[in-house]
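Chains A and B supply the protein sequences, listed in that same order.
Residue 75 in our numbering sits at position 75 of the first sequence, and the numbers go up by one each step.
Residue 41 in our numbering sits at position 41 of the second sequence, and the numbers go up by one each step.
Each hint should be verified, as a subset may be incorrect.
Label-pair ranges, simulated between beta-carbon atoms [stated by the list, open to error]:
id, chain 1, residue 1, chain 2, residue 2, range
1, A, Phe-117, B, Lys-133, 24 to 34 Å
2, B, Ile-99, A, Lys-151, 53 to 63 Å
3, A, Ile-24, B, Glu-30, 33 to 43 Å
4, B, Gln-100, A, Lys-17, 47 to 57 Å
5, B, Thr-29, A, Gly-15, 19 to 29 Å
6, A, Ile-157, B, Val-44, 31 to 41 Å
7, B, Thr-71, A, Tyr-175, 52 to 62 Å
8, B, Lys-33, A, Leu-20, 48 to 58 Å
9, B, Asp-84, A, Val-173, 20 to 30 Å
10, B, Glu-61, A, Tyr-123, 51 to 61 Å
11, B, Tyr-94, A, Gln-118, 18 to 28 Å
12, B, Gly-87, A, Tyr-123, 27 to 37 Å
13, A, Ile-160, B, Asp-27, 40 to 50 Å
14, A, Ile-138, B, Ser-131, 55 to 65 Å
Everything labelled a hint here was simulated from the structure, so no lab data went into it.
C-beta: ideal position from N, C-alpha, C; glycine also.
If you want the building blocks of each chain, they are given just below.
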Amino acid sequence: MKINYLYAPFTRIAGLKSLLIGLIGLFITAYLAFLTGTHLNGLLNLDFAKDADFVFYLLENLINWVSISVFLFLSGLLLSKSRIRIIDIFGTSVLSRLPLIIAPLIRSFPFLQSFVFQSWKMYLIIVFYLVSVIWTIILLFNGFRISCNLKNERLIISFIISILFSEIVTRMVIYLLIFKT
Amino acid sequence: MKSLVFILGVYFIFSLNSCSQDFKKLDNTELDKIKLQIAQNFAVNYLTKLREGSFYEFHDEAIDALKSQLTEQNQKLIYHQLSDKFGDFKSLEYAETWIQGNNNSILIFRFKSNFEKSKKKLEVRVVLNESGKIAGFWIKPWSDMLK
Chain A
1 MKINYLYAPF TRIAGLKSLL IGLIGLFITA YLAFLTGTHL NGLLNLDFAK DADFVFYLLE
61 NLINWVSISV FLFLSGLLLS KSRIRIIDIF GTSVLSRLPL IIAPLIRSFP FLQSFVFQSW
121 KMYLIIVFYL VSVIWTIILL FNGFRISCNL KNERLIISFI ISILFSEIVT RMVIYLLIFK
181 T
Chain B
1 MKSLVFILGV YFIFSLNSCS QDFKKLDNTE LDKIKLQIAQ NFAVNYLTKL REGSFYEFHD
61 EAIDALKSQL TEQNQKLIYH QLSDKFGDFK SLEYAETWIQ GNNNSILIFR FKSNFEKSKK
121 KLEVRVVLNE SGKIAGFWIK PWSDMLK
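So that you can see chain A by itself, here it is in the shape it has in the complex (with noise of 0.2 Å):
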């Protein structure tokens, strides 16, 4: 049952809850990641670099929190027949995103503050990274499918198109960040 708890948490643990818990772990999550420089923009996409404010760190993770969201929701309002709450959504895809805490956490040590490419400590932190995504995604997969009550065909291909759907708005609107207008 406990390990039920660690892929599938929101029969449990759901609308504003989620959020409340979801908002902290993202907030504790870019902190880590601007002490550590690790950016984690897109879900698909890791860079280490101790290189812009705290801000910076943390309007990725809430871009691409939201985009995510967004695309979650309007799949589910296109495709389900069921009443669908926003608020559910984006609960659950905040909390979804806990596990990525755990490459700037791995981070936190010194030895990888600063290594070189392809070195075993860039590999190291990478399997610890794939295995937070594949975490996160799963816990998106579940909440998603809670959320909006969808099935089989409708549920796959709706969540891989939003996940990259996600990911292209996320890389647009990061990349628009970095440059002052």
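With the hints as your guide, set chain B onto chain A.
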């Protein structure tokens, strides 16, 4: 079977490590402050001259190959491309030093620099060879990984 997987795993990790063992990051206590000053002065002077519309005139502080590449025309062209994207150079600060080579003869100085239009810092990298001459100079997005 398990021991074979273990041996292959250990070999894989050692192979990865061997790719990077030519480089070592220096502590501040091991740092040659004079060489750091040479690298920092060069980087600041170079970028300041170009920001002011002039160019950096090399003397005997750099190797010939670098001097022949960074002609007045090339310097201005590269800076123009850089400032178009990131804005004008503002400042730079020392970040870290790495050594490369079997006898630790090559010094890689890494600086974080601010440009007007960019919210992210860029890396200014100056490489000194065994005789203390500037042998490499790069400006690129900062990464905590040495590439």
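Consistency of the hints with the structure:
| no. | hint | verdict |
| --- | --- | --- |
| 1 | A:Phe-117 with B:Lys-133: 24 to 34 Å | holds, 25 Å |
| 2 | B:Ile-99 with A:Lys-151: 53 to 63 Å | holds, 59 Å |
| 3 | A:Ile-24 with B:Glu-30: 33 to 43 Å | holds, 42 Å |
| 4 | B:Gln-100 with A:Lys-17: 47 to 57 Å | holds, 53 Å |
| 5 | B:Thr-29 with A:Gly-15: 19 to 29 Å | violated, 55 Å |
| 6 | A:Ile-157 with B:Val-44: 31 to 41 Å | violated, 55 Å |
| 7 | B:Thr-71 with A:Tyr-175: 52 to 62 Å | violated, 32 Å |
| 8 | B:Lys-33 with A:Leu-20: 48 to 58 Å | holds, 51 Å |
| 9 | B:Asp-84 with A:Val-173: 20 to 30 Å | holds, 22 Å |
| 10 | B:Glu-61 with A:Tyr-123: 51 to 61 Å | violated, 38 Å |
| 11 | B:Tyr-94 with A:Gln-118: 18 to 28 Å | holds, 25 Å |
| 12 | B:Gly-87 with A:Tyr-123: 27 to 37 Å | holds, 35 Å |
| 13 | A:Ile-160 with B:Asp-27: 40 to 50 Å | holds, 47 Å |
| 14 | A:Ile-138 with B:Ser-131: 55 to 65 Å | holds, 56 Å |
When held up to the earlier numbered hints, the structure conflicts with 5, 6, 7 and 10 and fits the remainder.
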